[in-house]
Every structure is written in structure tokens, then in C-alpha cells.
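**Q** Each chain is listed here by its residues.
Number of protein chains: 2
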Amino acid sequence: MSVIPNTHVPISVQSSTSAFLGQPNKLSTAFRARNVWIPAKKSGICKCVATPSVEKTAYTTKVARNTNIGKLQAGYLFPEIARRKAAHLLKYPDAQVISLGIGDTTEPIPEVITSAMAKKAYALSTLEGYSGYGAEQGEKPLRAAICSAYYADLGIEQGDVFVSDGAKCDISRLQVVFGSNVTIAVQDPSYPAYVDSSVIMGQTGQYQKDVEKFSNIEYMRCTPENGFFPDLSTVSRTDIIFFCSPNNPTGAAASREQLTQLVQFAKKNGSIIVYDSAYAMYMSDDYPKSIFEIPGAKEVAIETASFSKYAGFTGVRLGWTVVPKELLFSDGFPVAKDFNRIVCTCFNGASNISQAGGLACLSLEGLEAMQEVIGFYKENTNIIMETFDSLGFKVYGGKNAPYVWVHFPGQSSWDVFSEILEKTHVVTTPGSGFGPGGEGFVRVSAFGHRDNVVEACRRFKQLYK
Amino acid sequence: MSVIPNTHVPISVQSSTSAFLGQPNKLSTAFRARNVWIPAKKSGICKCVATPSVEKTAYTTKVARNTNIGKLQAGYLFPEIARRKAAHLLKYPDAQVISLGIGDTTEPIPEVITSAMAKKAYALSTLEGYSGYGAEQGEKPLRAAICSAYYADLGIEQGDVFVSDGAKCDISRLQVVFGSNVTIAVQDPSYPAYVDSSVIMGQTGQYQKDVEKFSNIEYMRCTPENGFFPDLSTVSRTDIIFFCSPNNPTGAAASREQLTQLVQFAKKNGSIIVYDSAYAMYMSDDYPKSIFEIPGAKEVAIETASFSKYAGFTGVRLGWTVVPKELLFSDGFPVAKDFNRIVCTCFNGASNISQAGGLACLSLEGLEAMQEVIGFYKENTNIIMETFDSLGFKVYGGKNAPYVWVHFPGQSSWDVFSEILEKTHVVTTPGSGFGPGGEGFVRVSAFGHRDNVVEACRRFKQLYK
Numbered sequence: 001m002s003v004i005p006n007t008h009v010p011i012s013v014q015s016s017t018s019a020f021l022g023q024p025n026k027l028s029t030a031f032r033a034r035n036v037w038i039p040a041k042k043s044g045i046c047k048c049v050a051t052p053s054v055e056k057t058a059y060t061t062k063v064a065r066n067t068n069i070g071k072l073q074a075g076y077l078f079p080e081i082a083r084r085k086a087a088h089l090l091k092y093p094d095a096q097v098i099s100l101g102i103g104d105t106t107e108p109i110p111e112v113i114t115s116a117m118a119k120k121a122y123a124l125s126t127l128e129g130y131s132g133y134g135a136e137q138g139e140k141p142l143r144a145a146i147c148s149a150y151y152a153d154l155g156i157e158q159g160d161v162f163v164s165d166g167a168k169c170d171i172s173r174l175q176v177v178f179g180s181n182v183t184i185a186v187q188d189p190s191y192p193a194y195v196d197s198s199v200i201m202g203q204t205g206q207y208q209k210d211v212e213k214f215s216n217i218e219y220m221r222c223t224p225e226n227g228f229f230p231d232l233s234t235v236s237r238t239d240i241i242f243f244c245s246p247n248n249p250t251g252a253a254a255s256r257e258q259l260t261q262l263v264q265f266a267k268k269n270g271s272i273i274v275y276d277s278a279y280a281m282y283m284s285d286d287y288p289k290s291i292f293e294i295p296g297a298k299e300v301a302i303e304t305a306s307f308s309k310y311a312g313f314t315g316v317r318l319g320w321t322v323v324p325k326e327l328l329f330s331d332g333f334p335v336a337k338d339f340n341r342i343v344c345t346c347f348n349g350a351s352n353i354s355q356a357g358g359l360a361c362l363s364l365e366g367l368e369a370m371q372e373v374i375g376f377y378k379e380n381t382n383i384i385m386e387t388f389d390s391l392g393f394k395v396y397g398g399k400n401a402p403y404v405w406v407h408f409p410g411q412s413s414w415d416v417f418s419e420i421l422e423k424t425h426v427v428t429t430p431g432s433g434f435g436p437g438g439e440g441f442v443r444v445s446a447f448g449h450r451d452n453v454v455e456a457c458r459r460f461k462q463l464y465k
Numbered sequence: 001m002s003v004i005p006n007t008h009v010p011i012s013v014q015s016s017t018s019a020f021l022g023q024p025n026k027l028s029t030a031f032r033a034r035n036v037w038i039p040a041k042k043s044g045i046c047k048c049v050a051t052p053s054v055e056k057t058a059y060t061t062k063v064a065r066n067t068n069i070g071k072l073q074a075g076y077l078f079p080e081i082a083r084r085k086a087a088h089l090l091k092y093p094d095a096q097v098i099s100l101g102i103g104d105t106t107e108p109i110p111e112v113i114t115s116a117m118a119k120k121a122y123a124l125s126t127l128e129g130y131s132g133y134g135a136e137q138g139e140k141p142l143r144a145a146i147c148s149a150y151y152a153d154l155g156i157e158q159g160d161v162f163v164s165d166g167a168k169c170d171i172s173r174l175q176v177v178f179g180s181n182v183t184i185a186v187q188d189p190s191y192p193a194y195v196d197s198s199v200i201m202g203q204t205g206q207y208q209k210d211v212e213k214f215s216n217i218e219y220m221r222c223t224p225e226n227g228f229f230p231d232l233s234t235v236s237r238t239d240i241i242f243f244c245s246p247n248n249p250t251g252a253a254a255s256r257e258q259l260t261q262l263v264q265f266a267k268k269n270g271s272i273i274v275y276d277s278a279y280a281m282y283m284s285d286d287y288p289k290s291i292f293e294i295p296g297a298k299e300v301a302i303e304t305a306s307f308s309k310y311a312g313f314t315g316v317r318l319g320w321t322v323v324p325k326e327l328l329f330s331d332g333f334p335v336a337k338d339f340n341r342i343v344c345t346c347f348n349g350a351s352n353i354s355q356a357g358g359l360a361c362l363s364l365e366g367l368e369a370m371q372e373v374i375g376f377y378k379e380n381t382n383i384i385m386e387t388f389d390s391l392g393f394k395v396y397g398g399k400n401a402p403y404v405w406v407h408f409p410g411q412s413s414w415d416v417f418s419e420i421l422e423k424t425h426v427v428t429t430p431g432s433g434f435g436p437g438g439e440g441f442v443r444v445s446a447f448g449h450r451d452n453v454v455e456a457c458r459r460f461k462q463l464y465k
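Read top to bottom, the protein sequences are chains A and B. To convert, note that position 144 of the first sequence is 144 in the UniProt record's numbering; the numbers rise steadily by one, no gaps. To convert, note that position 47 of the second sequence is 47 in the UniProt record's numbering; the numbers rise steadily by one, no gaps.
The following block holds chain A by itself, in its conformation from the complex (with noise of 0.2 Å):
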């Protein structure tokens, strides 16, 4: 998959604006009439500049690229399979192309929430109801419902919490926080950020095409075999951790004692978990949906979390990370002020109308309303986890997470991948994606409608009837 990262960027204009640009282009032209280009005084060298011969010149500056950036393999994952998604559709134009591929939402959020949003937009057209810059770290009630619902009994205080526009977003900020001196260790497979994030940041070395692993990175193998929890006798210390749990891909979710033993790890490694949480409350095992529950965990774990699964938000963006106070550096400095630094100087907070939307999600109707949406998630889970149990494939995830990871044993997941796509037109996302250790799986997402999702099921149920 060697992409060039943004060929899916380039879009015709017209294709999608024809229809309403005609206004906005009058008055623009209006406004900017005056700014037309007049030769200026002395200006040999503009008249030069300005001839189109010279904007064709295949001009370089002298700034080297960024080699962290560099050592990159492909496109990230998602906007990859869109590539390929879109080139199917291009290919078979009339096909009824179903995608349960990248992680999307597909239900309406439920109205309790909506409207206190649209109650917030308009509230912004008046005197009383409107608001500027809010608190980078987010608004108060906001922190402080979050802290309620998520993190009662837990010690877990306001000031612990950072409001953010989504857990990916905050992945990132936290390794700017951390920078390119440390080293970090990822469960193998798990979702791409991780990685893609620490070499950006310049934490790893080039990747090793033999073995398809970034050097100077911990990849901790999750397989059928451990239960998909690594065997911490044989992991390297690192000084960070990332752990999702339920895993994204796998599905799989930790039990209390083996975060227990992972926040043992941690301690005695001197480490530094980022616990991602993001499909906590898709656990229907008693397991713990915060690590914060671990006893000790606050002095070393992080969590960061996501409205995006439970309410729909994926394209509302509204997210939170708990670095609780206890955290610190080698050096006793608070983790919490650094990464309150970078939020307050690379970050402005997140919308104003998505955090009225955050507050409404966790009222008592809100919270309702996203138990029935992870509701019919899970029973579309169960429906793809039948289908290829039935198909006698071994299956794994679905119980407490929306991904339905499957085995193709000895197959490429992007042979896989391409297999379904061509004879059923359905986007699933190949395992390997998400690391060496993804090999031979492929991810099905249950998030999807309800007549969708049966209809994918029939498709692969003809493929490997």
C-alpha cells in the first residue's frame, strides 16, 4: 500500500459547489475588487515574477523535509481504504457498496442531545447566550459531569479532566507533551495513531520492511494464543505505554487483573500508560471501564476518551483526557502541567456547541439515549459474530467492543480485504493495518444500519457458503 498521502485531496470544485457558489462569487468579487492585481511602483521585479512562465517553474525552498515524516510508510489507514473504496465505486458504479470498514458511525444522535446543541447555536445570536473564547481545557460543567459519570468514587477531580475535540487529536498533543526522546511500546495490532504519532515525533527509528515493526518500538504481540493480552515477561521497558482497551482491533478487553498486572508493569518500570478508553462503555464483561480503577494507577496512567461511540459524535469531535495530578515526571514534575501548557498554546478548546452536546450526553436522558445507540451497535455485533461463526470461521472481539475481528489463518489481510471488497462489495479493514501482529485478520465494524449490515452478512454467507 504505498500511497501518496493525499491523493484523495485533489477534488473537481465544481462537482460539488456549482450549485450554490454563484452568490458568494459575486459578492467576493465585490469585496476583494479592490485588491486586484496593480503593478506597483518599482516593481520590475513583480511584472518578472508575475508572468505565468515563471509560476510554472518547478521552484524548490531550501527547507529540508521533515525525515521524521519521511520515514512514514503509506497513507494513514483510514483515508487509505476511502482511497480504495472510492476506486471500487469507480470501478463498479452501480454497486450497492456497503462499508464496515473504518470505525464510523452510522445512527442519529439522539434528539436530547441534538437540540441542546441547536439550543447553544442559537443562544449565539444573543447577548446573554453567546460566549467567546472558552477555558482551553474546557468548560467547568462539562469537566465536572465528565468527572460524575465517568469517574465517580475514583478520585479523579475537574481539574484532572481535559475537554479536547477527540481522543486521536489528544494522542497527538500528548506526544508533543512527551517529545522525541522517549520511547514507547503499542499492543500489536492496535489502532494506528499510536505508531504514526511517535514517528512523526521523531521517537523511532526507519521501518523494518523485513519484519514490518518501526525500530526503537515496543510491539507488544496480542494473539488468540495470550488472549490477546501481551505476556509482560517478555516486553521491553519503554517509557510509554499505549493500551486500548476494549481493543481496537481485536475487540479484546482487559479483565481487572490484567490491567492490575499492567499498572504493576508500569510501576515498576517507571512508565507511563495512555490507557485509551474510547469503547468503554461497549464492555458487557465486568471489567474495568476506567484504568483508573486499578489501585495506584493514577501515579502512572493516563486516560484519554471519546464521545465519538457512544453519541454518533464522530463528526461533532468532542473527546476528553484525565492526567491525573499524582502523574509525574522522572524529575517530580506534574505530567498535568505540561500537557495543560500544550493544550492552552496548541489547542483553543473544543467547540462551544459540541461541549453543549457533551453536557446533554451525560444528563440522565443523555446517558440513556447512548445506552440504547451502543445498544443496537452490540446487536449488530452479534448478528456479524453469527454469520462467521455459522461460516466457521473462528471469531473474536464483538462481547465488549463494536469489531468483529475474524481469522483468515495463513491469508493477507489485504488479499482478504480485496477478496470481500471485489465479490461483495463490502469495506471491512485489513488486519495487518493495524500491525505485523493484525496479519491474517480482518476488522468488521458493527457500526452500520441495521438492513446494511444483514445484507453484508447475506453477501458472506454466498462467498463462503
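None of these hints come from the bench; they were simulated from the model. Remember, it's a predicted structure, so these values are computed and weren't measured experimentally. Beta carbons are placed, not taken as given, at the ideal position from N, Cα and C, and that holds for glycine. Any given hint might turn out to be false.
[Stated by the list, open to error] Far from chain B, by Cβ distances over 10 Å, these chain A residues were calculated:
1. Thr223
2. Asn226
3. His407
4. Val416
[Unchecked claim] Capping the alpha-carbon separation at 25 Å, the derived lysine-lysine pairs in BS3-like fashion look like this:
5. Lys62(A) with Lys325(B)
6. Lys85(A) with Lys62(A)
7. Lys394(B) with Lys465(B)
8. Lys71(A) with Lys325(B)
9. Lys325(A) with Lys62(B)
10. Lys394(A) with Lys465(A)
11. Lys140(B) with Lys119(B)
12. Lys71(A) with Lys91(A)
13. Lys140(A) with Lys85(B)
14. Lys461(B) with Lys91(B)
15. Lys325(A) with Lys71(B)
16. Lys394(B) with Lys461(B)
17. Lys85(A) with Lys140(B)
18. Lys423(B) with Lys461(B)
19. Lys119(A) with Lys119(B)
20. Lys268(A) with Lys62(B)
21. Lys423(B) with Lys85(B)
22. Lys140(B) with Lys91(A)
23. Lys267(A) with Lys62(B)
24. Lys213(B) with Lys71(B)
25. Lys62(A) with Lys267(B)
26. Lys378(B) with Lys399(B)
27. Lys62(A) with Lys62(B)
28. Lys140(B) with Lys140(A)
[To be verified] DEER-style ranges, computed between Cβ atoms:
29. Lys62(B) with Glu368(A): 52 to 58 Å
30. Asp331(B) with Glu368(A): 51 to 57 Å
31. Asp285(A) with Thr67(B): 38 to 44 Å
32. Asp286(A) with Ala86(B): 40 to 46 Å
33. Asp331(A) with Ala86(B): 49 to 55 Å
34. Gln96(A) with Asn181(B): 48 to 54 Å
35. Glu368(A) with Glu365(B): 36 to 42 Å
36. Glu365(B) with Lys461(A): 40 to 46 Å
37. Gln206(B) with Ala95(A): 56 to 62 Å
38. Gln208(B) with Gln208(A): 40 to 46 Å
39. Asp286(A) with Asn216(B): 37 to 43 Å
40. Gln371(B) with Glu368(A): 43 to 49 Å
Starting from the known structure of chain A, arrange chain B on it as the hints suggest.
**A** Relative to chain A, chain B alone:
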């Protein structure tokens, strides 16, 4: 101003939330009830860790603090001003404090814009209107509308435009693209995010207390003597040149001739200009509103902009950055491709509700409504300028920007800031907060309700009569 970065973070949960947290509290306890701490089997370790005493030890991880963040001298400027304002309110609980400090918009957002956002919010509750993840680069219609409204006839295409959650955020993402091995130049004084993000990325040396500058940054002095445009013949070559016009804080706008000089200077040196045009619509003079009006600029410049100061979107969060496909690193690799990779990996797009608002901003009615908002703040600017002018102060800026740059020769900016706050209860911004070149100046923002601006000016006249 030696501040602990997050001194303003800790907040009393009760104060802001007792009113509404009762309910979610109940439910949350309900849906987390099964997660109360139960000693795991073979968990002697856990029991021991679980004892309060251990929770209280000053355990430190073995992760070293990022030395670059350690170089930062204080909290980010504006949170620091918020902190001083809060301290003043504690001292004078009954004072009618007026804030003309941080450039925070105060006027309601025109209804044509908020109703579009409310409509989008409601639509998210319908099957037809729901949307999940959008393109990380922004929605096509908005990207196209930005091209049409701001870059008509300038050869900027939809694919060159990246929609974001604000210019401040994009500045940091650009710094991640550039990495730690570039050198930067900034106007002195200038918006502090340029220098701070450079320090954070490791592009600079230590802070030099004697000159109040970071080593390895080129500070381009902008003073009344040089008309606030740097003498480029004395400026050393750097990889990146941050240039803001109309400038924050001085309010000075660069002429077509000056920008042509700047582009030629960058071209000669092979530098990349990061042009911040966040205040372009405030210009009265017939100066370029975009760097891309200068021939050849597409080969050396990036432009970042924002809806914040046009539509009152400081809290809604929406901006954009233009990275022309013609801009190439020294190896010929397009900068836009690396920026796209960072946007896809470290960001997930601006809120779809904010983007619906941005599209409304660029409709015929929206553009006219924004012009009205801008016109209102420009009237404020005139009131402030006339006031200081009548008091015999040398006043700069104002004409092309919502900021008035008042000269207090020989005085310390922070002393003047403190005296004004103490004696008039008006919050301004000390010029030295924008760099050593701002020493002896105070920035007065025109963002405020009319009666507050008038009252503030009345108090200024009392203080300086």
C-alpha cells in the same frame, strides 16, 4: 510573570455543578456500580497497592520531562492575563471590570449563521441528515466556498485549502510538519503562539534573560521608526518566516510593495512564509488581503486564517490553512502532502456543525453579516484611538485591525498594564507579552460591547487627563 502553567486550572467542582450533577451522578453510579473495586484472585500485590498510604507517596515515573517545554518561560500569555484578571476580581469583588485584553469577540453571531448551525445539529438526529467522520481536510463545499470568497482569481484550488478548528491549532500542526530542525523568524512583537510552538518543537535554544529572546530565533523588530515593517536587509536567513498582517498586536498592515519585498526575500533565501491573515477583513487600506495576491507567493508561502474575528467564532472554532501545491521542500516534495498527512494523523476535521456555520458565513447574507460585525468593532477601534489620541499618546494600528497599539515611552508594559487595571479596572494586554519589541506599549482590543468601550475610554480619560 513566572507562572505555574496551570495555576488557573484547579476549580471547585461544587461551585459550577451542584445544580445539575445529581441526576447523572445517580445513573452513572448505576452504570458503573458493577465496577467497584473487588480484590482480584492472587492479588496480594493489589491489596498492598490499594492501601491509602501508597496512594499518597510522591512516586515519580522514570520518564524524563521534555526539555523543550522546560525552556518556556511562563504560562501562555492570555491564560496569564486571565489569571491576573481573576486575582483583581478577588481583590475588588464589586469592581465593574472591563476586558479589552485578549482579543475575544463579544457580539452575538448573526442569525443567518447560527440558524444554519442549529439546522445542522437537528439534522444530525435524522437518518438523511446524519453524518459521521468527515474528510479531515474539511467538507468540499466549504473548501470550495473559501476558495471562491477569499482567493477568487488567485489560482488557489479547493485541494489547497485545509479547513481546521482554528489558526492557532494549525500553527502547531504546521510546526509538527516542519519538525525540530528548522529555524524561524518572527515579527517582534507578534502573536506568541509562533515562538512558543517553536520552542516546544525544539527549534530554539534556551531563553536569554538579558535580551528576553530565545536563541536561534530571528526576531524581526517592528517599530514606529520602520513603520512596523522589518528592515529585511538586516534579517538573517531562516527556514520559516512567520508574518502576520494586519499584525497582532501592532495593528500594522503590510502594503503590496512591502509584501512583494517579503516574498522576494523568502524566494532569495528559499524560506517558507507562514502568513497569518486572521484579521484581513479588518483592512481599510487597499492592501493585499492574501499573500497569494503577490506574484510568486504560491511557491514560498502558506496562509492561515480564521472565522473567529469575522463571525464571532472564537468559541465555535473554525479556520483554514492554504498550502499551495506549488510549495516544495528542498527535495521537491510538496509541503501540502506532509501537511495533509499530519492533518489526517493528528486531527479529525473541524466539527461538522461549525463547518455548516462556516458555509453560512460565506453565503451572500453571511458575508454581509460578517461585514456588519467587523464594521461594529471598527467603530470601537475609532473610539479607542480618538481617546488616546486626545490624551496626547502616540497611537498606532487601529485603521486596519481591531487592535490599538498605544505607546508609553520608557515605561514597562506590565507596569502600565497593572496601573490601568488597578486604577480603571480595565484589562489590556502588555506589549512586552508579544516580544521584547513590544516593551513600552500596551495593546487595547476593540472587541467589546459599545457601552463597555465607551466606559473604558471615560476611565482612561480620567486616569490620564
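**Q** Can you tell me whether the CB distance of Glu368(A) to Glu365(B) sits inside 36 to 42 Å?
**A** 39 Å Cβ-Cβ, so the 36 to 42 Å window holds.
**Q** With the threshold set at 25 Å, check whether the alpha-carbon distance from Lys461(B) to Lys91(B) stays at or below it.
**A** 24 Å, holds
**Q** Could you tell me whether the CB distance from Asp286(A) to Ala86(B) stays inside 40 to 46 Å?
**A** Since the Cβ atoms of Asp286(A) and Ala86(B) sit about 44 Å apart, the hinted range of 40 to 46 Å holds.
**Q** Take the C-alpha atoms of Lys85(A) and Lys140(B), compute the straight-line distance between them, and say whether it is at most 25 Å.
**A** 18 Å, holds
**Q** Between Asp285(A) and Thr67(B), is the Cβ distance one that fits in 38 to 44 Å?
**A** 42 Å, holds
**Q** Quick one: are Gln206(B) and Ala95(A) within 56 to 62 Å, going by C-beta?
**A** 60 Å, holds
**Q** CA of Lys62(A) to CA of Lys62(B), is that 25 Å or under?
**A** Answer violated: Lys62(A) to Lys62(B) is near 39 Å, above 25 Å.
**Q** Check whether the Cα positions of Lys71(A) and Lys325(B) lie no farther apart than 25 Å.
**A** Since the Cα atoms of Lys71(A) and Lys325(B) sit roughly 21 Å apart, the hinted pair holds (cutoff 25 Å).
**Q** Please work out if Lys423(B) and Lys85(B) have their alpha carbons no farther apart than 25 Å.
**A** 13 Å, holds
**Q** Lys325(A) and Lys62(B) were given as a pair; does the straight-line alpha-carbon distance stay at or below 25 Å?
**A** Since the Cα atoms of Lys325(A) and Lys62(B) sit roughly 16 Å apart, the hinted pair holds (cutoff 25 Å).
**Q** Quick one, are Lys140(A) and Lys85(B) close enough, alpha carbons at most 25 Å?
**A** 18 Å, holds
**Q** For Asn226(A), which was marked as not at the interface, is the minimum beta-carbon distance to chain B over 10 Å?
**A** The claim stands: Asn226(A) keeps its Cβ more than 10 Å from every Cβ of chain B (closest is about 18 Å).
Hints 6, 12, 27, 28, 29, 33, 36, 39 from the list above are not met by this structure, while the remaining hints are.
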